[in-house]
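These protein sequence lines map, in sequence, to chains A and B. First residue of the first sequence? That's 111 in my numbering, and the numbers climb one at a time after it. First residue of the second sequence? That's 588 in my numbering, and the numbers climb one at a time after it.
Derived by calculation from the structure, the hints in this document are not laboratory data. These numbers come from a predicted model, not from an experiment. Even glycine gets a Cβ: it sits at the ideal position worked out from N, Cα and C. One or more hints might be untrue.
As the list claims (entries may be wrong) - For the chain B half of the interface with chain A, some residues (derived, Cβ under 7 angstroms), not all of them: (1) Tyr614; (2) Ala619; (3) Leu641.
Claimed, not checked - Each pair of labels, with its calculated beta carbon distance range: (4) Pro682/B x Lys151/A: 58 to 68 angstroms; (5) Asp153/A x Gly643/B: 32 to 42 angstroms; (6) Thr118/A x Glu589/B: 14 to 24 angstroms; (7) Asp153/A x Lys667/B: 49 to 59 angstroms; (8) Glu166/A x Glu589/B: 11 to 21 angstroms.
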Amino acid sequence: MPVLKFNTRIYKKEAIQETISAYSSLAKFKIKDAKDYTEVKIDHIESEFKNVLADEFSNYVLGMTKKCP
Amino acid sequence: MEITLNSKIYPLEAILNTCYTFIDRAYIFLDANHRGNRIKISLKGKNGIPRRQLKGLRGEFMNELLHSALRCAINKNNKKIREYIVGRALYSALPGPDLVMSEKTRDYQEDPLGIAIPWEEKYGRKKKDARIKV
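Bound conformation, chain A alone (with noise of 0.2 angstroms):
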């Protein structure tokens, strides 16, 4: 079960929790505050993107935050 810890200096919570409405389909995502980081929880991969998702879902983040205003 990966964890990503997307720091909040970098990323913004909008760009994450639009991210995971776009992947919501392929896997199960829990999102939780910490300090300086927000957490994502990734469960129930779909086997076909089992390799992938975790990165694929970083790279929707950052494109997401850089879309973000």
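Given chain A, work out where chain B should sit, using these hints.
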């Protein structure tokens, strides 16, 4: 592969722009230290690209980062003059005070172009025997 950058030299905006450029070729993850002045970039090549190619990607990334940082600096330095030019252009597109006043004082019932006059009244009815004989 990891790259650590000083955010005083490379602003976060420039780093994000550069990362966005490489998003199709690599998996990128960013982190910062607790003071936020050091930014760590983790680059992982997509589709298992060879180590040598990844080194080339690093060089390309650093060059693009410089380019992006310069663009950000120019953008920041020219912000005021850019805003002034756009403001000036918009201001010059506004109607002058004479036109605004004349629009306000004019009554809609005056109809100077005669658009409220019916067609028949303006041009008269068509004559029945005006048909063309063949």
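> Looking back at the numbered hints, which does the structure fail to meet, lowest number first?
Replying inline: Hint 3 contradicted; others consistent.
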